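*Asks:* This is what each chain is made of:
Protein chains: 2
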Amino acid sequence: MFTGDQEKVRIVNRSLILNALRLYAPISRAQLAYITGLTRGTVSNIVTILIEEGLVFEDELQGSKIGRPPILLGLRPDGGAVVGVEIGVDFISVLLTNFVAQTLWEIRVKTTSQSQTDIISQAEKYIDQALKIAKEKKLGPLGIGVGLPGLVNVRQGNLITAPNLHWKDVPLRLIWNQRFHLPVYIDNEANLAALGEYYFGIARNVDNFIYLSSDIGLGGGIVIGGRLFRGGHGYGGEIGHIQRDPQGELCGCGRVGCWETQVGPRPVLRRVKKEFQTHHDQMLLDACSGNLDNLTFDIVVQFALNGNSICRQAIDEVAVNLGMGIADLVNVFNPDLIVIGGAFIQAKEILHSTIEKTIFSNALQPSTENLKIEFSERDTEACVLGAVAVVLDDILREMAIS
Amino acid sequence: MFTGDQEKVRIVNRSLILNALRLYAPISRAQLAYITGLTRGTVSNIVTILIEEGLVFEDELQGSKIGRPPILLGLRPDGGAVVGVEIGVDFISVLLTNFVAQTLWEIRVKTTSQSQTDIISQAEKYIDQALKIAKEKKLGPLGIGVGLPGLVNVRQGNLITAPNLHWKDVPLRLIWNQRFHLPVYIDNEANLAALGEYYFGIARNVDNFIYLSSDIGLGGGIVIGGRLFRGGHGYGGEIGHIQRDPQGELCGCGRVGCWETQVGPRPVLRRVKKEFQTHHDQMLLDACSGNLDNLTFDIVVQFALNGNSICRQAIDEVAVNLGMGIADLVNVFNPDLIVIGGAFIQAKEILHSTIEKTIFSNALQPSTENLKIEFSERDTEACVLGAVAVVLDDILREMAIS
DNA sequence: GTTTGTTTGTATAAGCGTTAAACAAAATAA
DNA sequence: TTATTTTGTTTAACGCTTATACAAACAAAC
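Residue numbers (our numbering), protein chains in the order written: chain A, 1 to 402; chain B, 1 to 402.
Don't take every hint at face value.
Since the list gives no way to pick out one identical chain from another, each pair is judged satisfied if it fits inside one copy or across any two copies.
Stated by the list, open to error - Derived lysine-lysine pairs resembling DSSO-like cross-links, with alpha carbons at most 30 Å apart:
{"hint": "1", "residue 1": "LYS372", "residue 2": "LYS168"}
{"hint": "2", "residue 1": "LYS168", "residue 2": "LYS357"}
{"hint": "3", "residue 1": "LYS372", "residue 2": "LYS135"}
{"hint": "4", "residue 1": "LYS125", "residue 2": "LYS348"}
{"hint": "5", "residue 1": "LYS274", "residue 2": "LYS138"}
{"hint": "6", "residue 1": "LYS348", "residue 2": "LYS138"}
{"hint": "7", "residue 1": "LYS110", "residue 2": "LYS357"}
If you're looking for bench data, these hints aren't it; they were derived computationally from the structure.
The structure presented is a predicted model; accordingly, all values stated were derived computationally and were not measured.
Produce the complete structure using the sequences and hints provided.
*Replies:* Okay, structure coming up:
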């Protein structure tokens with residue numbers, strides 16, 4: 001019999017099993033063996049340990065209809081608690097989940113200050129609250145995942161710069177390690193949102209995809225071969241600052257014509273306002289209470305949906321620019337799926353066909369063979385869910401640093 | 001003692017040792033253990049097998065100056081023979097090397113026909129010659145690596161399309177497998193050239209770099225984490241067709257303003273000819289025997305080096321375009337090194353500083369921290385050497401398919 | 001009702017490849 | 001001379017896997 005003293009069961013096999021459980025539970029040992037390619041004996045041994053550790057759940061239920069009734073396995077919801085945090089440009093979002101990533105508690109608040117100490121201490125307050133709730137539910141905290149709107153050194157756990165927050169060189173992992181005595185994982189918000197879609201959203205089980213989202217900037221997370229692509233030293237994947245028009249507008253990064261300047265709510269508003277000067281539109285002006293400065297992306301989308309041609313054209317133009325840039329990315333990364341998130345979700349009915357057409361007529365043929373274009377399923381949740389996923393990732397498989 | 005019946009010595013450790021031997025030979029068992037992180041015992045066992053197999057060479061020589069004199073190890077030059085093949089748009093290049101990639105025989109001939117059967121049978125003739133020489137030298141053939149100027153499915157070993165050759169759907173691996181009864185590895189020429197620089201050229205030991213070369217098209221090979229990056233399904237890395245100017249020229253791929261249209265000998269010639277219409281230059285005209293249609297890239301480079309401002313400006317413009325595109329790639333892939341090959345090597349003195357300046361002032365700061373720009377060391381040899389490297393790669397470590 | 005076949009889970013021995021530890025050899029330095 | 005360092009080998013022990021055998025529980029066929 002398996003004695004239980006073989007503590008160092010191969011980490012990779014253990015991860016294989018945990019990950020298969022995440023995807024296929026409830027499942028029998030035999031099926032688990034089939035999926036992972038291990039023998040039933042090996043699976044049995046590892047599962048024994050996982051049950052002892054309280055990570056895996058065992059239940060005798062109806063499974064296959066022929067043969068001995070299988071003992072079904074799954075990850076234990078009460079295997080532990082995970083905290084996901086997103087620090088946005090003007091909000092903080094904190095999420096507490098159990099071991100199977102079910103939401104136990106969440107909060108999303110607007111922030112007024114942009115001061116580093118203010119925002120961090122406010123976030124700490126919410127994390128404390130989350131940990132308190134975890135304790136009440138008798139769930140051991142497993143770790144904290146944090147998404148930040150800027151350039152992050154994932155290995156060192158530092159925020160390098162966050163232009164929109166005006167932060168620089170913040171060793172957030174160190175700070176929160178000391179504060180909470182838990183593993184802390186820090187990453188860029190777009191990367192985490194990509195992971196969120198990969199684990200819990202539309203990109204489930206798609207091993208090669210690109211997540212794009214635009215609110216203020218244009219962010220992207222690239223998943224290749226089931227792992228986040230970060231380039232050579234972890235600073236890669238900055239797709240928002242690909243130059244797409246040498247005669248374009250000035251970007252915040254100092255360059256001209258970055259993709260970020262062409263795509264997003266801002267360029268849409270700019271285009272509508274410009275067009276308005278030659279084609280006056282009273283209804284649109286009324287919607288802004290008479291002042292075009294009050295124009296928002298929501299209003300433009302609403303008008304476009306109702307057939308307003310100025311708004312429709314502005315959105316179409318951005319859709320073409322988005323599609324053109326995606327075509328380049330498709331040529332380079334050859335993904336199976338493009339997931340579009342952020343502000344664009346509101347306009348998905350208008351955007352979808354234009355984007356798709358642009359991509360398929362501009363990317364090279366073999367790369368587009370199995371390509372699909374979808375919109376985010378988890379929207380504002382994607383990033384915090386991704387933050388949770390990163391923590392689970394470290395337990396379920398090796399850390400997703402390429 | 002090690003009994004020798006442990007046939008299935010861990011493949012990964014075996015590869016570790018072979019690869020370390022490639023890089024650091026001649027080296028002692030103890031140093032090998034230090035580098036690979038294995039124990040001296042393990043190294044000893046595996047090396048015993050490698051010597052039995054005839055892959056590794058053992059020699060008692062002066063090494064460390066204190067302690068027992070080490071037995072130095074290295075890959076046996078006579079461990080086997082490898083054939084590297086490059087089929088270019090207008091040439092065929094075949095290289096025969098021994099197990100340590102030293103050239104034994106090589107040939108490079110211009111082709112006149114573009115017919116598929118003609119070129120393939122011509123290449124077969126040279127490969128036969130190479131294999132005959134290998135046999136004469138009593139070296140067992142290990143495999144054939146082939147570089148092609150087009151889109152390749154590496155796993156299936158098919159050429160999908162080669163626009164400049166007008167080839168389509170050629171199952172070259174199958175064809176040559178049946179013809180030569182040897183392992184055949186097929187890949188894009190730029191990918192192989194990148195591998196060639198990685199194993200035997202300027203990018204030795206640089207695990208994250210991008211190789212760019214322009215002759216007719218603009219090709220690129222991307223190495224990330226020590227392996228070729230091919231995107232999700234092997235069709236990725238097509239960086240020549242990134243759109244860099246929506247108002248640019250029409251590209252052969254059907255799109256407008258691809259990077260390929262901005263960078264390379266062709267755009268330089270176009271620019272010089274255009275400039276010539278407004279600024280007549282008798283010396284330049286004389287160099288073309290009175291007809292500007294005879295203008296070649298070589299002539300432009302010569303004139304630029306001698307201070308001719310028309311030629312100089314044309315090259316500078318291309319250098320800026322090249323640098324701008326590289327800046328985008330740097331933002332996305334975050335490499336340590338850019339290697340520039342192909343026609344540009346002739347003009348490296350003029351190009352280098354302009355390219356460097358453009359990249360460093362346009363890419364995001366953290367990505368450029370350790371970035372270097374270099375020119376190819378192996379030039380026309382890079383691709384065939386890379387083809388050899390692919391074959392060795394399969395023996396030294398797992399196949400470099402990401 | 002019996003037989004046969006299938007699926008499942010467990011137990012055991014055997015195998016592979018590793019590490020740890022001890023040892024010996026050969027050189028230098030004190 | 002003695003102590004120290006580096007190197008290479010040998011041995012037992014260990015960890016994890018596979019192969020194999022076995023039994024339980026069910027369905028379908030006869």
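*Asks:* Could you run down the list of hints and mark each one as holding or not?
*Replies:* Going down the list of hints, with the structure as the test:
1. LYS372 with LYS168: So LYS372 and LYS168 pass the 30 Å test across copies only (25 Å; inside, 37 Å).
2. LYS168 with LYS357: Result: close only across copies, 25 Å inter versus 40 Å intra.
3. LYS372 with LYS135: For LYS372 and LYS135, neither the intra-copy (43 Å) nor the inter-copy (51 Å) Cα distance is at most 30 Å.
4. LYS125 with LYS348: neither (36 Å within a copy, 58 Å between copies)
5. LYS274 with LYS138: neither (58 Å within a copy, 77 Å between copies)
6. LYS348 with LYS138: Classified as neither: same-chain Cα gap 42 Å, cross-chain 66 Å, threshold 30 Å.
7. LYS110 with LYS357: For LYS110 and LYS357, neither the intra-copy (37 Å) nor the inter-copy (42 Å) Cα distance is at most 30 Å.
The earlier numbered hints that this structure contradicts are 3, 4, 5, 6 and 7.
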